[in-house]
Amino acid sequence: MPTSVTAILVAADGAEYLRDTLDAITLQTRLPDRFVVVQLGSSPVTTSIIAAIEPTVHAHVGPRAGFGLAVARGVRAAGLEAGDDQWLWLLASDNAPAPDALERLLQAVELAPSVAIAGPKQMQWDAPDYLHSYGETMTPWGTAVELAEPELDQAQYDRQSDVLAVAAGGMLVKEPVWRELGGFDPSLPALDDALDLCVRARLAGHRVQLVPAARVLSAGIDAPGTRLLGASTTEPRRVRLRREAQLHRRLVYAPLPAVPLHWLTILPLGVARAIGQLLRKEPGSAPAELMAALLVFATCFPGVIRARGRIARTRSTGWSSIAPLRQPWREVRRRRGLLRENGRARRREPVRFLAGGGLALTLAVAAISVALHLPLLGAPALAGGGLLPLGDLGSLWGSIGWGGHPLGQGFSGPADPFALVLAVLGTLTFWHPSTAVVLVWFLALPVAAAGGWLAATRFTRRRSLRIVGGLLWAAAPTFLAAMDAGRLPAVLVHLVAPFALLAAFSVRRSWSASATLALLGALLAACSPSLLPVLAGCWIAALVVAALRPTPDARSRLARVIPLPLPTVVLILPLIAEQLKHGSLLGVLADPGPVPAASPRAHLLGLPDGLATVLQLIAGWPVWLESAWRSLALPLGLGASASALLVLALSVPLLVLAAVGIVWPRRSMPIRVGIAGVGGLIAAALATRLDVVADGATPVAAWAGAGLSIAWLGVLEAAVCGLDRLAAAGALPGGARTARAMSRLRTLGTAIVGLTAVAAVLVAGSPLLLAQVLGAASVQASGQATVPAIVAAEAADRPGLGLLTLTPQPDGGVREQLSRGAGRTLEQLSTLATTADFGEGSTLASLSAALVQPTGDDLRPPLDALEIGYVLLTPGAADPGSRQAALDAGAALGSDPLFSAVSTSSAGTLYRYVDLPEAAGRTLDAAAPRNTATPLGLLVLVVQGSVLGLMLLLALPTGRLAGRVRPAPPLRAPVADVANTHAAAAHRPVTPEQAMARELLGPAQAAEPEDVREEVAAWQ
Amino acid sequence: MAVRLRVLSAAGIVTAGVVAAALVAQLPAVGLEPHVAVATPSSAGQRLVCPGATIAVGAPGHAAADLSASASPERVQGTSGSASVALTTLARGNVSGGKGTAARLLTAPAAAGRNGAIAAAQSQSGADGDVAGLAATGCVVPGNDLWLVAGATTTGRTTVLTLANASGVTAQVAVRIWTDHGPAAEPSQVTLPPRSRQALSLSGVVTNAAATAVEVTSTGGQVGAALEQRTVRGLESGGVDLAGPTVAPATAQTIPGIRIVDSAAVASASGGPDTADLVPVVRLLAPGRSGGDVVLRVTGADGGTARTLTKHVSAGAVTDVPLAGIGDGVWSVAVTSSVPVVAGARISVVQNAGGSTTDTTATGSTETAGSIGTGGSGTTTSTARGIDFAWIAAARPLGASAAVAVARGPSPKLVLANPTAAALQVQVAAAGGSATTVSVPAHGTAATDVAAGMLTLTRATGLTAAIAYSGGEGLATYPVAPADQAAHPVRVTH
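Chains as they are written, first to last, in my numbering: chain B, 1 to 1020; chain E, 10001 to 10494.
Check the hints yourself; a few may be wrong.
Stated by the list, open to error - The following label-pair restraints were derived from C-beta to C-beta distances:
#, chain 1, residue 1, chain 2, residue 2, range
1, B, G841, E, L10027, 31 to 41 Å
2, B, L580, E, A10086, 40 to 50 Å
3, E, L10027, B, L956, 53 to 63 Å
4, B, A597, E, P10187, 27 to 37 Å
Everything labelled a hint here was simulated from the structure, so no lab data went into it.
Yeah, the Cβ is synthetic: ideal placement off N, Cα and C, and Gly gets one too.
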């Protein structure tokens, strides 16, 4: 009986492929006996193309039908009679066969009668010399894998012929076997349908064979395919379909007793794989994994039962018979290794921190830093200025989220975002969290130098200038002033800012950078909420720029910009809500930490205060440090105003260099620098106008230094670029050798100029740098307790024991502060207390008022209720009002029989409440619930934890890990050499500067070819 | 071109940014109001301490350093409202004597509602040991920092500091003494048990000081203090007085109640030996680090012309400024100084300039005969010339109303000094009697006769006042304390 072939073409709308494919079929050397075209949908264009060919049968299915369904429709429409030599040849609209494809296939099956399914070699549509698919198999765990790599076909796979499965496109299948097996599994509508069919054929005792001589094209992921899986299918959807198919096959192929187990593991595995997708920086695929798991978990039963029944009916051999055809583990591992190699090759060359001088600079600065902070060596904690010890781990992590704060009378409310920063910081030295702050103080200078160095690598490839950049960042006056004032948040802002800049450069490219920037942004906002308006402005600008760019990758870029504020928002939203409820929204912008004393107003040469302040800010100084400056100018015998002028003038050389960088620019740089610099400056000026906290009754402005750190980034950038331009300027004629020598000389010269400018700034900051060694620093080594020793000793048994500190004020009033246990710790503080008076109540106020004068009130009930055991009366300021208030208060406390004076020191007089109840202060958190105790607190913790956790997974530098985390990324044919390369090159930005310039100026002015050579940065 | 455009726009952005920052820095500060809670606790009960009787050092029958008291001062006490005053007798401490000599603590409920402000004063007259004279003083609110400007320890002058702890806790008292030669080296420390009195003779600390001033600082309990001076010139009594606390150092002080009688007799008597301290003086002390110029403005109650004296006061040295050329009458002294000073004044009276300065007659003569017998044996001193003196403390400005206790004594006068720039009309009402209105000119002084008992002053804001006595028994003056024991509002911040 002669062999009869029925070709079944599943035709989707897609004229460019379909026409070629139809032509190729009509040019076959062995024409199929029947030609059935199954059209998906009813587009008139497609219809007319098909009609022109005059197929035997022109069938239609709905536009939503999958490949398997369409084939089944085609087989039915062909109206075949049963016969042993009936074959079906399955083709999709992009599967244009080579002229001899069918002939070769038929030759192969005629030679081997046991072969029920034969598959051709699938080649890439755009590059027909490259393999697309040539046989499929499964790993021992059932993952579908291609047998062949997408590489140039040099007959390297032609020896393989007996395989587990072949692809659907171009598959030649024996009609009786098709009928016996029942065709494709309707539960696998898009993927793995051919694999499943071949597996079932194998189990039924048939062979599946590859035919190397037969070739069929495939457009791969660009194929029109079907609605379920086609060119428009997104990557997450492909991930979901792939996972659904795999899970379905797993449930179908597994031994019956194992099926419930597999079913139960679907959801946990889904979660794990979603996390894996995050680690692979594919956040879009993470929901797809979860969705696939949920869908299969919920809806798998009918499909699985049907499929298992079909296998049971047709199976004639055991599963062990196909085991040799699976891909062995060794091969799986080899494939993954290859993938990792490819991934590594794609990564850009790393900045050579170790060899490029960065490490040496960091180590040198570290040695200087240790020498400068020698008095703090071995300190268990730091106190003074804005520093306090940290509590234990329980207290650190108990202070985040939404819970009770043991401040004043105690209150429940959201934590400052900075509390989370402290918790993480303290956990680094979990055995004694306060040590982390000491370490920060020792490491701040070297880390700043390293950050500055790394930031400078973006603007110059000259080693010496990078070192200038590193020193410049470590010598920033705002940084030194923050260290001097003990402003931990401001120090962290300065340390983090260059890394945020580096991450911002890479947001276009990578999810990891986007998540890193989001987390660093949250850190910046947590440390200095007064930066929030600036950060919001940056984000909106980035959104606008990304949205306005008409490039193909704009969508993915936008997708990476949009979630940037997410961690900040979830951290700060509870605080915003609470402040809004309280009517003090501005309080959100308050600096975290203890309220410092108000700094003196700027005053210079009789200028208005505002102008003098701006001059001070432009010079890089966040506060008017008159005493430090006077000590600097003391040897010169200068007065207050003259010494201030001198210090401000010492910043001028650097500003001049920055001006050089701006007016004599590298092409793409100046506008961005200008925006960063003046944006930070305006933020700093705004901060000086923001009085949301008060020291007693004196309003205290926000710390201007955070904005100045941003501005200093601009100064760093402009100055380094300016120096780089100076070093590159004026190439002299002459031999290459002379030119090299001259260039080296010029670089040396500019480095000296740069170092001189840095040295001037360092001189201005020297009183602050040397303060620790000279013993003039406000930051001091401290014990874990900040209360008098006798109170600390008693607090060992009574962690909730209250110490009420009363400070007489110049207006005759009194400032009260109630601390518990061994004293306030940094994480207990809340801006709600400093800005919105949370925790302050009439009880505490009237108690304080009654303590400082003779009263007829019975003070026992409020003292007992607040669990106050000690009252510390500090001497207050030296002005007459404070002194009189101190005298009156001392008189009242001293003559009160409820109190006995315990000790007098420079800190004041300590009085003990003699009738303190035995049970008072035995526990700390009796007043307010813990952050896990209320549903609201739990909700806040869960939301914040999950958002930050996801961001962290996404941000983790898992370059090596990503390759190892399952599933390995699918094999993709490389973009063939020729297609589209010109266009891609024209659009690919060469440096971040250029990229930014294009974003700012539009594509028309960017990408001038001669720029490219000049702009080659060091990492390339 | 593109480059130049970019440079220009960059320079423009930087300039605009700097200008914007400069403008922003001129904005008024925005923010949240500092939280200030104003709390007023309920007032404590009112308290006054009366120092008790005058104390003699080494009185006959006692050891030379023993302190003893024999007189029983008369007290006038009460409130300006309906509340009554409770009395506690303090322990007599290191002073021997009967119960009547002890210091007293007077208490009354807080002056809220109809309770009224408390006031009390004590007086004693006649012979006390080897001296005779009138000693009247107001009972004072116990405090932790008191200044007393009076006393001398030259030959014949005995100065005794009385300290009374009115509180329920021990008081650690430091007594710092200044003399005309400067401050004494170390403060003397005195421990006062609760509700007790201690006396301290300044002679034991500073000897031969022509002028003394004392600061009492107490840690713990609040104390009342009084400084007593008695003077014996040879065999003649020079009088006795009990001076209460004056006002803490300030650059402006007012001393009302300088009542000078027979100034001619004083002037002539002061020419004799050891009588230089009969002349009226204003005593000044600048306790700070630096001295300064002090202007004394003396105004009289009769509207006479004011006199102005200027004197430089050196730091730490007690300076007596003679009130030369001040005639008879009731005067006030307004002290203004470039540095904070404490001030007091002393006046003397010689009632019978022709009397004998010594008593050579036999012992046992009666008091009215002009001499004093002490214990029936030993020395006697003559009182024939009727010499007495009075220490006058500076007075604090009064509030709108004040309660005044007028102790018994000869012809008491209420002296009102007005340091303000506006004339004031004060209503003076005796308990149960009708009110009279006294007008006090701006920067002037007025005086009105009053009777012993309780008085109430109203519309007295800014005035200072004193009760001044003068008569056969001698001289005495004490200031009227403002009724300010009520709790005041406190601005509490955090």
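Evaluated hints:
Checked against the hint of 31 to 41 Å, the C-beta distance between B/G841 and E/L10027 comes to roughly 34 Å, which is consistent with it. Taking 40 to 50 Å as the suggested C-beta distance range, the pair B/L580 and E/A10086 does not conform, at roughly 56 Å. Between E/L10027 and B/L956 the Cβ separation comes to about 44 Å, which falls outside the hinted range of 53 to 63 Å. Range check, B/A597 to E/P10187: Cβ separation about 33 Å, and the 27 to 37 Å hint holds.
When the structure is compared with the earlier hints, violations turn up for hints 2, 3 and for no others.
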